[in-house]
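*Asks:* Residue numbers (this note's numbering), protein chains in the order written: chain F, 1 to 556; chain Y, 1 to 99; chain C, 1 to 648; chain D, 1 to 534.
The set of hints was computed from the structure by calculation and includes no laboratory data. Please note that a few of the clues may not be correct.
[Claimed, not checked] Straight-line distance between alpha carbons at most 25 Å, and here's what the computed DSS-like set of lysine-lysine pairs gives: (1) LYS307(D) with LYS523(D); (2) LYS504(D) with LYS523(D); (3) LYS510(F) with LYS213(F); (4) LYS402(D) with LYS162(C); (5) LYS213(F) with LYS98(Y); (6) LYS618(C) with LYS98(Y); (7) LYS433(F) with LYS618(C); (8) LYS157(F) with LYS93(F); (9) LYS98(Y) with LYS157(F).
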Amino acid sequence: MSVTAVHSLWTTTAAPGSPGVPAIDRIPAPTIEYAQLAPVLIVVGAAVLGILVEAFVPRKGRYHAQLFLSVVALAAAFAAVVALAAGGYGTTKKHIAAMGAIAMDGPTLFLQGTILLASIVAVFTFAERRLDPEAHGNRVDSFVAQAAAVPGGEGEKAAVKAGLTTTEVFPLALFAVAGMLVFPAANDLLTLFIALEVLSLPLYLLCALARRKRLMSQEAAVKYFLLGAFSSAFLLFGIALLYGYAGSVSYARIAEVIGGSVQSVDPALADTMGNDALLLIGAALILMGLLFKVGAVPFHMWTPDVYQGAPTPVTGFMAAATKVAAFGALLRLLYVVLPGLRWDWRPVMWAVVIVTMLGGAIVAITQTDIKRLLAYSSIAHAGFILAGVIAATPDGVSSVLFYLAAYSFVTIGAFAVVTLVRDAGGEATHLSKWAGLGRRSPLVAAVFAVFLLAFAGIPLTSGFSGKFAVFKAAADGGAGVLVVVGVIASAIAAFFYIRVIVLMFFSEPKPEGPTVAVPSALTTAAIGVGVVVTLVLGVAPQYFLELAGQAGGFVR
Amino acid sequence: MNPVYYLYLASLLFTIGAAGVLIRRNAIVLFMCVELMLNACNLAFVTFARMHGNLDGQIIAFFTMVVAAAEVVVGLAIIVSVFRSRHSASVDDASLMKL
Amino acid sequence: MENLIAPLIAAPLLGAAVLLCGGRRLDRAGHWIGTVLAGASFVIGVLLFADLLGRGAEDRTLHQHLFSWIPVGSFRADIAFQLDQLSMTFVLLITGVGTLIHIYSIGYMEHDERRRRFFGYLNLFLAAMLLLVLADNYLLLYMGWEGVGLASYLLIGFWQHKPSAATAAKKAFLVNRVGDLGLSIAIMLMFTTFGTFAFGPVLGAAGDASEGKLTAIGLMLLLAACGKSAQVPLQSWLGDAMEGPTPVSALIHAATMVTAGVYLITRSGAIFNGAPDAQLVVVVVGAVTLLFGAIVGCAKDDIKKALAGSTMSQIGYMILAAGLGPIGYVFAIMHLVTHGFFKAGLFLGAGSVMHGMNDEVDMRKYGGLRKYMPVTFVTFGLGYLAIIGFPGLSGFFSKDKIIEAAFAKGGTEGWILGGVALLGAAITAFYMTRVMLMTFFGEERWRGRETASPAEPSAEPAAEERGRHAEPHPHESPKSMTIPMVVLAFGSVFAGGLFSFGDSFVRWLEPVTGYAHGHPPISAAAVTTATVVALVIGVAVAWLMYGRVPVPVTAPRGSLLTRAARRDLLQDDFNHVVLVRGGEHLTRSLVYVDHTLVDGVVNGTAASFGGLSGRLRKLQNGYARSYAVTMFGGTAVLIAATLLMRAV
Amino acid sequence: MSFPLLTATAALPALGAIATAAVPAARRTAAKWLALLFSLGTLALAVVALVRFEPGGARYQLTESHAWIAEFGVRYELGVDGIGVSLLALTALLVPFVILAGWHDADPLEDARPNRRWRPTQGFFALILAVEAMVILSFEATDVFLFYILFEAMLIPMYFLIGGFGDRAAPAQFAAKAAGAGDEAAATQRSYAAVKFLLYNLAGGLIMLAAVIGLYVVAGTFSLTEIAEARANGSLSMATNTERLLFLGFFFAFAVKAPLWPLHTWLPNAMGEATAPVAVLITAVVDKVGTFAMLRFCLQLFPEASKWATPAILVLALISIVYGALLAVGQRDMKRLIAYASISHFGFIIMGIFAMTSQGQSGATLYMINHGISTAALMLVAGFLISRRGSRLIADYGGVQKVAPVLAGTFLIGGLATLSLPGLSPFVSEFLVLVGTFSRYPVIGVIATLGIVLAALYVLVLYQRTMTGPVKAEIRTMPDLRVRELVVVAPLIALLLFLGVYPKPLTQIVDPAVEHTLSDVQKTDPKPEVEAAR
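Only chain F is shown next, with the shape it has when bound in the complex:
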């Protein structure tokens, strides 16, 4: 999907006979480095296959087929990423691929790898079928039997009786992943926009597919969709303005124009070309679009509602993978397209960072629903990561990469634990239900405590390494104030994480309290990976820090 490619076709046919132009019968095909796009292609292909599976494979076999297909596809894609990285595309051979649409460099590969791993883990939680009680002898996952059926209506009852399950979630997830893979790699604004839509649309749908509490789930979907569309409209308008300013949507070109290394095309257009109003407003709008995805204050308000309403596995998936992709895109935008504008966006971003860190932490204090709590904590964390983002140094990039990797696994793990604590109405997400969990099932409580401590940034957990890396980068980048604010924010944040731990361990369990379901190997794996990564990145982060360090360089 490369503009310039298509464009060159067009022009060659439009102006015949001009000297030096190839004859009409020889149409140069755009050069696409398929090998380097392999990760994306594999995932997209698998997704398409998944659709076909839905169409042709008998209902009984679909679940297993889909699960197998998606896991294999993601694994293969990850292998491809590793191969590319090993091939040096992240470092020495980094370059612009696919006629300028895709940037093939360190951050791309690192983030794609992270996204793929996170997605594999997330898909495990998608496929969990042990937690919900069997409906009419069929094991069911946490997705609705028939999305189209009215909640609590005859249709739904029938569907449940028939043992339908929404296996479409797997292809949907795969499409979303594909979008995420492209998002941080996008090297022109159009690709950015398309990728954004490709990753968002499936997520809107996924949000609506919860088996329990369907009304909330649908509400979440509506809110997410409307606000998402709203924000993407802004993003698009921003793109339009930047295009108007630079006459192109390719990052490199825009950066050049901003840098002033290219003269404006035509003096007649001087009033639009090089008109900084266009540039600044456009940049601001695009930033807004990305900050929305990241969930930064004041564009965060969808986060709590959507996180709460969406099916918990989807929430985990969003909180982890989407954030990674979005931050990747943000990084590239700020470092590749708008470095010339640093002195304009930095002060604004400072403000955003501060309100995000403090706002998220403070509002979380009084939350009573564990999923909302985690949502607000994710907002606070977005603030911490942004602090690293605006360091505007290679160090900043690598620290952010590391933080994202660390954070995503903790998040998925935490939400996976949330799926385990259940009562009659499905997951028991109200905090009061969690009282005394430590007495009932110390192991689960302990694991969750580990995740909470990681969120709180206690040393020897990945949370601390990440936070330290980011703050260090920020301080190096001359944002000492941000570090201090961040420290205060994390002190506030510590309060509510500790509150949960107190609740789990130091308060007597209620007799009618929730039960802790024993998960299958899938969720267990997800949680296990989360714990392992948390501790490894906490105790011996050296290797991964190096990795992120090498991946720090963008291609321009």
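Using the hints, position chains Y, C and D against chain F.
*Replies:* Relative to the frame of chain F, chains Y, C and D by itself:
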């Protein structure tokens, strides 16, 4: 005619759309307003393409239309299902989750 | 020879360790172990004394260095001892009287199930006291100083089940702590002034230090002395200390520990000599206490408290003498020794009386006891004659010399001090005669009267039962108690004469304390006669008040002064109101402050965050459109800000 | 590559923690013995370290250094100076007693319904060992980052120890009072205390984090030795304000941990609610990290700023001394009383450190050790007392001395140590601190002596109210110390006596380290007046 007028028009449309999103209550109308915003963007793209004398903008406009169509598919699906379960298309009724 | 110094201390220390850790299996033999070890250290003391006598007057100082205690940078404190004439005198007094009182206690504490521990404490006291007088530096002295305080605390509160005893013990320790504070500050001053606090260097270099420093050190030392020796204003604990068993009162609160202050001042003579102002304060304190104690002694009906008052007063004499400088040091120590004999004897006598009287302490319930307990009567009587300074007995020599020295101070000061000393002598005669008469003469007021509320239930609770007997049957005490009394009686009769015979005592101590012969404005003979006259007056008045007329069993209301004196001249009331009450208020208010203010600030911030959070989450009102508004506003601000950044 | 002794001293208890935690629920006693064995093994290693340490030798000995996180310029660097090694020994020494004293503190209540997975006992001892490991390593760390990590991480196990385990009455007849209605309230009290503990220390730690990062930005390394060297030879100079800010960041965290007035209020809650052994762990071991860090990091990294802040800190320390003592007098709860007493003592320690004299700092170091031992003795005996009666209120006791003389005696000795009676080790350190302070700041030194008198007051009042007087009906049948309890107390008391009379071995180890520290801040002891005169 000065192409800048087209830009004014585009931004006007965009603003109308945004205002609509903020003001109207019916989910469908809301959604239409979003579409209006997208189209405003299209207009801007095309205008800029014309001013710059290259076709990127026009091509982008096509992509936008496709995306808009996809959004319609997804959005209507969601809105309809919500409507069926609540018998109302008002966004404000969907406020179970708050605080 | 000097290697014997450590064993001197080690013996009783060993006793304390064995008896206190030994457990019940030692109960039967405990008192013997204690007594033998005390005796052993007395024997060692005698050996050392003999050795010293064998040497020339100048090299009568032995040193023993065990090991270095706290070596930190320039700060070095050693566990090392110095035995010279001064400390030798104390060693003999302590071990001698100590041993006697051990023997006495065997009989006295017979019925007490915790007798073993009692002896353990006694030994502990001996060890600490010996350490105090044998230390060769002030820090080690401090160790002994607090050690005796601890022993006194344990012994005063020996009958801990009695709240009064426990309180008295606590009070004694606390008041002493205030004094100790003085000692520790004095040591710090020495360290900053001389860079050390060993006797030799400090006293040697005292001349080089500025007078201001010396005065400060001197006053701090005086504070310490006041605490330990119950001098005004820190005297309030001594009266209550009588809650302890009588042998304790005899040993610690009459003969030895309370005189540690005198030792400290005499030992630090070099410092005081360089600080006349400090010396003035010392004599004033001594004179005031002298009268204070005497007056209190006159008003008390509790025989032990009366004796306690007298102790205070007598130590007042010693402090006064010590404050007079070289003309007084020797006589201070001399009076200290003689006082050790007769006051211990008196206390043991009192104990014996109480022993015969079901532990009754109120003298108004005594009377006519002389025919029931002759030995006690005679020994007590000799002690009595000695303390009032009856010519020829020990008290006479020592006290007379002090009065003389007081006059010799010269100038109006001399007259005032001498006058006070004389007055004190008269009052002493008065109150001691009073005690004598009320106890051993007059009609037998205990007849047909049950002796309630035993002050000293030797073997609780059995004794408490004994105490409720209808009527006491006065009887002589067993040998183990009478023998020590006899020995001490001998001491109180002859010691004084022995010491003054050819000024032997003066020559003995001179090398250490230095001695200058004072020249009183009036002849020594005149002073002596004045003393005797004062004595006669005191006795006469007492006889008129208590001998001629019968003593009422219930105390008359008495004059204002009497009533004040009964309450220790209102000292306790003052302490109670000012220190205790005030302290309670202070602590209570501080507890409140800590909870509301210091804690409140933090909790407040936490709460305010909570409130802020509560308000902020209201923004999350669940309406998608309001979210959109926020986003729109946010975007607007974003754009505005970006443009603004460029504009400025 | 010699045997990594220091790592071993920390690794052994860490292993012990894991092993203990792994013991199945039924084998409770086995877990206890396992924990005890590991702690004793650690003690043995600590003794080896103490022996291998040469007082006269290099400043940091038994050093180890391995690459760890190059990206952060962090190395795994260990090494002990005299101060570190003695505190290491103290920790290793106290933990076995803590374990032994807490032998029954974590036994599940009879009424608790059986639960295969819930293993409080194993958890209790595992957590204790975990704390030991982290504390020991933090005494050994010569890398600021490594130290910081442990400084923060040790909060978590402590937090669970405080919040998870509370007092209970052992004998049935008293159990009625403790259990039942009061239980829930007690639990909430406890979790409040735990949260307070964690939040205070976490806040301090996070402020320190900012300073740590700042330090890295300035110095470019975390190695204490390198930075100190660079500062010494002037190759690393900090702007005055930067240094002061960084110093404050570090000091704040340590002052919370120590704790220094007015950051102290978490301590009484924590020590009051936690069981006596845990309380000992807090005040005798964990808090020492704070004061230790002041000596090692504040003075070494920021000499100028330390000197700049000295007056203010001394005043705060003075306030702590008097204020803590006064509040101790006003307490009704004996554990809270001991807690406030500790606050007063920490005031002395900090005062000694910042008096910047050799007496003061050696005194402070000895004080850390002696205070550890004496508080352990007093607090543990108090714990035994409480476990018999099931109440922390002083008013609930009286006449104990008559029914349980040994208990009373040990309690008294512990108390006398707390009021630093000469002959017991605390006296040595307290006097050194006073002298050290006095020789440079006479007025402050004199006022500080008030602390001595007040100490006598609160100790004796406590003893009188609990041990003397007529025997209360509830305690007529109170048993005297059991063998296990004697085994805990006796060695501590013996140590108090020994170090009180012969502290030389310690001072020899500590002195050189103190000299180094003083040379870091370029301070020398003031000369005595007479010498100066000559």
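*Asks:* Confirm or reject each hint.
*Replies:* Evaluation of the provided hints:
Taken as a hint, the LYS307(D) and LYS523(D) pair is honoured in the structure, with Cα atoms around 10 Å apart against an allowance of 25 Å. For the hint linking LYS504(D) to LYS523(D), the alpha-carbon distance of about 24 Å falls within 25 Å, and the restraint holds. Between LYS510(F) and LYS213(F) the CA atoms are separated by roughly 23 Å; this keeps the pair inside 25 Å, and the hint holds. Under the criterion of a C-alpha separation no larger than 25 Å, the hint pairing LYS402(D) with LYS162(C) is consistent with the structure, at around 11 Å.
With a C-alpha separation of about 15 Å, the suggested pairing of LYS213(F) with LYS98(Y) holds against the 25 Å cut-off. Distance restraint check for LYS618(C) and LYS98(Y): the Cα-Cα separation of roughly 8 Å lies within the 25 Å cut-off, and the hinted pair is therefore satisfied. Of the pairs offered as hints, the one joining LYS433(F) and LYS618(C) holds, with about 24 Å between alpha carbons and a cut-off of 25 Å not exceeded. With a C-alpha separation of about 57 Å, the suggested pair LYS157(F) and LYS93(F) falls outside the 25 Å cut-off, and the hint is violated.
As the CA atoms of LYS98(Y) and LYS157(F) are separated by approximately 29 Å, the hinted pair breaks the 25 Å bound.
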